Amino acid sequence: MAEIHGEPSQLDVLLPRDLAAASTRLILTRWAAGVIVVLATAASQRLLGIILPATGLYAVGVIILLYNTALSLLARRAPSPDPATYLARLRRLVVLQVGLDWLCMAVFLHLTGGITSPGIIFLLIHMLMVTILLPGVSSYLYVVLGVGGLLALAILEAGSVVAHYNILPSLPTGLYLDPLFVASQVVFFGAAAFATVTLATGIMTQLQRRERQISALFQTTRAVSSSLSLHEVLDHLTRNAARALSTAHSSIRLLDETGDTLELAAAYGLSQAYQDKGPVELSHNPLAQEALAGKPAIVDETADDPRLQYSRQVLEEGIHSLVVVPIVGRSGPMGILRVYADQPRRFTDADAQFVMTIARQGAVAIENAMAHESLQRADTERAQFVRTVTHELRSPVGGAQSLLRVLLQQMSGELTPPQQDIIRRVETRLDALMSLINDLLALAATTTSGFQENPEPVALIADVRNAFDLRVTEAQEKDIDFTFSPPSDDPWVRSGHEGLAHIFGNLIGNAVKYTPSGGRVSVAIEVRGASAVTTIADTGIGIPEDELPRLWQEFFRASNAKKSGIVGTGLGLSIVKRRVEAYGGMISVHSRVGQGTTFSVTLPLCPPPAS
Amino acid sequence: MANILIIDDDPDMVLAARLCLESGGHTVDSAGDPTEGLKKIKANRPDLIVLDVMMDSATAGFQFALRLRGPDPDPDMARFAKIPILMLTAIHSTTPLRFGPDDQYLPVDDFVDKPFEPDALLKKVNALLKK
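Going line by line, the protein sequences match chains A and B. All residue numbers for the first sequence refer to the working numbering, where the first residue is 1 and numbers rise by one. All residue numbers for the second sequence refer to the working numbering, where the first residue is 1001 and numbers rise by one.
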């Protein structure tokens, strides 16, 4: 089973920005190193009177400063857009720095006494640097390189291939020729270097693990709050659990309605064959039982653990150890989270506890996502239900209305005046019933997402004009002064044609309906700041002041409107308000009984659609 | 005067439309679903079809119209493509949007809202027959 590579992971120990910062620190330190080499040489020679190869040492200091200038220019290059390329470039820069330092260090050691140099200790700094910046085998390679280099220098000096400089006069002159001294220096330094690198690597690994866990926990917390899709949430959880424990395989199984079968809900890094291995039944799976009882279960070696239900498939998949933890929701156990590893004895109790933490966070996310999905399902079902009911209610009423109208037109024979009066009364009642059905459907549409249009930029004037035009005939019949004043520039509002037709159809319709003959109804659109304000002002019967607060309630009708004998359901305005608010707008009303009413609909402007 | 076929699954609506059209002097036949409607069209070619929308499916009427005179009609339907279609629909009372005839999308000649005004129905039928 191959580890999963390739995707840039946020969980790498050294992010490009960390490596870039470390590189910058190295460059800063090197400025100091170069200056110190020069100053220390001068001080040793002038103040302490030490005889040393000053020219060579000055040269080393100047060379350090020179290549550091070049490196700092290289480090200033803009980061590549691709993180992988950028990281590779930064790594190359670090390797280049380490290599150059290494060469200078060798020359510096040679000039300060070779195997007897007090500067040998500086090599340890290099080893540490490499361990931290380029973790892995390369750090041990540098130990070998460093110790080997030191030994080579000692041999070259002892064999007089290169000169030996003794800068500490108190040291015996032939010390560098003493095999025992050379051997002890190399062995002690080698041991110290090896120990340093091993300790540092251990700490780095530990840090790496911590960072992965913190990052996984952070990602999980974010998944809890950022997604309501069950699929996405489960996907995040499996991925994060595996990464947190530095493995490449995990899965989540959730209990089905029977409460016995654990259905695979998400898998990360598992083969299809393994995912399809068969049903996981609680009654046949001791591991799942243990986990669902609330305790994490660890399998150290799958080859000889009797608790596995599918031991052959587990081994075929290359899994040698695993940890199973329960996913416990508010209403009890919901399922299990498993993390697998290719090696035996891979998981500790601390790992299991950590996966438990992820599973606890995950349970909240899973429950939220499930609740959201069932709400969405209910909403769709409700929309379908309302549609069916509306059709079933409307058809018989429509049939009856059509028959009555044919009857009233005397198309099936003469009617006596009393018969006509009765049929007209029935017709009025049926008309009221029909508008109630239509308004109930419209009301359902404002609260059911299955009915809602997706808001998009709509040119306001045309839709208000349509609503206006539909009432022109009625206004003329009542001899109403009926005017529409649009602005010169067309305002765009984020809304829908159906909603706008409803809002303005209702408000303009009401204005004409409740304004006595000879009155005035004026519709106007104005742009004020970032809003389009549409006002519908009439000289109608008005609304009593004490009834205004209840105006938007369902089924509420003002007392004078009821008395007027005009048919209405009391649903229109509450639907209008909901629709206006759904578009992010506001509606307000001013009214005086006997003088008239003005409604103002304020809708936020939006940019017109592109092209 | 003319021979009109009403296709609607609501017998009351059929009766109302029949009384209205007969009072205007037309001969009226009716079908309760699109299949029966097609049979009657083949047996006795009508001068005009009054077509309901929601029958056995929510868009049965639209589909029937498309079959008769869609952009890609059945070859054996071609001879019926010229029959005017008047669509009788309740869709306008569910939505404030106005539907209009469209040769490509909705190959019908005119709409009448359900419940219908008898005068308006007769007027539209006579206007279509005159064309």
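Hints were generated in silico from the structure; no laboratory data involved. It is possible that part of the hints are untrue.
Pair ranges (Cβ atoms, derived) [stated by the list, open to error]:
no., chain 1, residue 1, chain 2, residue 2, range
1, A, R222, B, T1035, 40 to 48 angstroms
2, A, A432, B, L1129, 32 to 40 angstroms
3, B, S1057, A, A432, 28 to 36 angstroms
4, B, K1082, A, A432, 26 to 34 angstroms
Just so you know, these numbers come straight off a predicted model, no measurement behind them. Every residue, glycine too, gets a C-beta built ideally from N, C-alpha and C.
Each hint tested on the structure:
no. : hint                                 : in the structure
1   : A:R222 x B:T1035: 40 to 48 angstroms : violated (57 angstroms)
2   : A:A432 x B:L1129: 32 to 40 angstroms : holds (35 angstroms)
3   : B:S1057 x A:A432: 28 to 36 angstroms : holds (31 angstroms)
4   : B:K1082 x A:A432: 26 to 34 angstroms : violated (42 angstroms)
Of the numbered hints listed earlier, those contradicted by the structure are 1 and 4.
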